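Asks: Chains as they are written, first to last, in the numbering used here: chain W, 370 to 529; chain G, 370 to 529; chain Y, 684 to 821; chain P, 684 to 821.
It is worth saying that the hints were derived from the structure and are not from the lab.
Keep in mind that this is a model prediction, so the values were computed, not measured.
Be aware that a few hints might be false.
Label-pair restraints from in silico Cβ distances [stated by the list, open to error]:
| no. | chain 1 | residue 1 | chain 2 | residue 2 | range |
| --- | --- | --- | --- | --- | --- |
| 1 | G | Q422 | W | G488 | 42 to 48 Å |
| 2 | P | G780 | Y | S689 | 26 to 32 Å |
| 3 | G | L482 | P | D726 | 41 to 47 Å |
We put the CB at the ideal spot given by N, CA and C, even for glycine.
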Amino acid sequence: MFWLGAEFGKAPRLASLQPALPPAMAAYEDDEDSVFPIESDADISHARTVIRQMCGLVGVRGYDAQKVVTTVSELARNIARYVGKGEMRFALDTVEQRIVIVAKDEGPGIPNLDEILAGNYKSRTGLGRGLIGCRKLADHFDIQTSARGTHVRAEFRYGK
Amino acid sequence: MFWLGAEFGKAPRLASLQPALPPAMAAYEDDEDSVFPIESDADISHARTVIRQMCGLVGVRGYDAQKVVTTVSELARNIARYVGKGEMRFALDTVEQRIVIVAKDEGPGIPNLDEILAGNYKSRTGLGRGLIGCRKLADHFDIQTSARGTHVRAEFRYGK
Amino acid sequence: MSMGESVTCIPLWDCLLVPLHGDVSDVHADALVTEVLERIQRDECFGVLVDLSGVWTLDSYLCSVLARLAQAARLMGAKTVLSGMRPEIAMTLEAMGIELRGIETVATLEDALSSMGITRTRESNKSSGLERLGEREG
Amino acid sequence: MSMGESVTCIPLWDCLLVPLHGDVSDVHADALVTEVLERIQRDECFGVLVDLSGVWTLDSYLCSVLARLAQAARLMGAKTVLSGMRPEIAMTLEAMGIELRGIETVATLEDALSSMGITRTRESNKSSGLERLGEREG
Ligand SMILES: Nc1ncnc2c1ncn2[C@@H]1O[C@H](COP(=O)(O)OP(=O)(O)O)[C@@H](O)[C@H]1O
Ligand SMILES: Nc1ncnc2c1ncn2[C@@H]1O[C@H](COP(=O)(O)OP(=O)(O)O)[C@@H](O)[C@H]1O
Chain W
370 MFWLGAEFGK APRLASLQPA LPPAMAAYED DEDSVFPIES DADISHARTV IRQMCGLVGV
430 RGYDAQKVVT TVSELARNIA RYVGKGEMRF ALDTVEQRIV IVAKDEGPGI PNLDEILAGN
490 YKSRTGLGRG LIGCRKLADH FDIQTSARGT HVRAEFRYGK
Chain G
370 MFWLGAEFGK APRLASLQPA LPPAMAAYED DEDSVFPIES DADISHARTV IRQMCGLVGV
430 RGYDAQKVVT TVSELARNIA RYVGKGEMRF ALDTVEQRIV IVAKDEGPGI PNLDEILAGN
490 YKSRTGLGRG LIGCRKLADH FDIQTSARGT HVRAEFRYGK
Chain Y
684 MSMGESVTCI PLWDCLLVPL HGDVSDVHAD ALVTEVLERI QRDECFGVLV DLSGVWTLDS
744 YLCSVLARLA QAARLMGAKT VLSGMRPEIA MTLEAMGIEL RGIETVATLE DALSSMGITR
804 TRESNKSSGL ERLGEREG
Chain P
684 MSMGESVTCI PLWDCLLVPL HGDVSDVHAD ALVTEVLERI QRDECFGVLV DLSGVWTLDS
744 YLCSVLARLA QAARLMGAKT VLSGMRPEIA MTLEAMGIEL RGIETVATLE DALSSMGITR
804 TRESNKSSGL ERLGEREG
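Next comes chain W alone, as it looks inside the complex (with noise of 0.2 Å):
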């Protein structure tokens, strides 16, 4: 799994299982750089493009693509909208296949989160439909919400 990111990179455990990589991956391969900070409006802008990219790069297009695109787009505005900074991480996972997004901060968490994941919240800021729209979206979703900030993790298959 080749995590864009720190702290995934680094994972022992699938290192072994690793298949080449594009090259245009392989730079973002256990660098410590590649955390993308998520504070301002063209922060949200920058990780789309990233992820964007990333997507093309193994050829995942159309609605696929999107929905990736989409979940990145509405877990980056969240965080730098309601907490003011946080980060992201992009990974590849091409031996099961997927595309792994983690969005992490360290603001006040969601405590109504379950009315929020039932469709029963009416936003001031947005639609609403941001959560619950990835949920939708990703082939798989979790997210963890505490006083001490939030961890939201959305994974999408591609390939056949």
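Once you have looked at the hints, place chains G, Y and P with the ligands on chain W.
Replies: Then chains G, Y and P with the ligands, alone, in the frame of chain W:
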């Protein structure tokens, strides 16, 4: 005179004349990093964007701004295309109320400059109207070229 | 759509054509609303045609901005129509449960103009059978 | 127009509307030619409407690209019209001695469509006197 570039920013002769800079310009003053290296297509776009913002800062708009931005565009492209690398500097002379553009490269020079500036040149890469066009747009235009490189200086008056 | 890029609004008959393109940042989306509403007033437009052909992604925020724009334009007497949404974007919004209620959405810019009551008058100067006259009066 | 941004081409009747915006890099300008020519063939267009309303600067290179585009499009049977050039850009090109010979240039997108032989048919649903029927058949 406030040069957006190291070499000129230090000119002691003018230092005592300097009035207060607009805040956004102050960052450029005496800053070694504010020379703009020109190599790639993105550098040309960046140069245009910077000079456009600089025009905006001193209230130069409309046709007056177009003349300056277009000149930067032509000179930057010539460096990137015909030499491969070089640099540009932009200066704001708030005393004389002029914007000064300098483009410098260490390329092969322009042996047929006279023909070009006479308007008789047929370009294979463009319209052949770049240099002659800049000379017409600028209030003052000066070009030095030799086998050791090309140095262009264009000045534009602003204010009433 | 990089920083500082301004909103492109093209006047067309009494409508305003707004082609969006590439990555639409939140700052750009917000600027879009202000610019379009100002132009509706200044140019006395009765229609806003937002074309999405060139857009990379529509997420929940951009949808909420477009809904807000349409709502405000309506109060100023102008109708908003979205055109050119690519199928993969429509599928994504559908999967997320985003409905864009209250904004008319059509396939092509041609349909958008048609929905404003504008259809073309022309002598076909190419292969025949391409005429579309008076179809769908808005 | 940041790196990687693709060219927006909006089909409109049998024409292709190409709105340019912001800073048009040389790479983008070159991509524009390829994309538009491919679309002319694919969509069987007879007209290319390049709208310059949103463009920041037109310099000699972009002009040469537009001339090249118009020339190639003509060989494919399509006519190119430029619309929306702001006065300060026109003045700059004039001062530089750039003529854009061989490309029709009109004020508005409406005029560009008109030059393609397309005018609007509509029942005015607002203040009267705004009709423009059959003006300038192309
Ligand atoms: N990372 C986060 N930290 C704290 N609160 C969050 C975070 N993400 C979302 N929220 C809260 O959850 C709500 C729902 O978010 P979302 O489903 O993305 O819809 P919207 O952003 O349109 O309101 C937000 O309005 C916000 O109050
Ligand atoms: N900095 C430079 N170094 C070397 N040659 C140059 C330089 N700038 C311009 N030239 C030469 O001068 C010619 C005319 O340049 P210009 O007037 O800008 O028109 P164009 O770029 O359209 O040909 C170019 O074709 C090129 O051969």
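Asks: Work down the list of hints and note, for each, if the structure agrees.
Replies: Hint by hint, here is what the structure shows:
Distance hint for Q422/G and G488/W: a CB-CB separation of about 45 Å, consistent with the stated range 42 to 48 Å. At about 29 Å, the CB distance of G780/P to S689/Y agrees with the hint of 26 to 32 Å. A C-beta distance of roughly 45 Å is found between L482/G and D726/P, which places it inside the suggested range of 41 to 47 Å.
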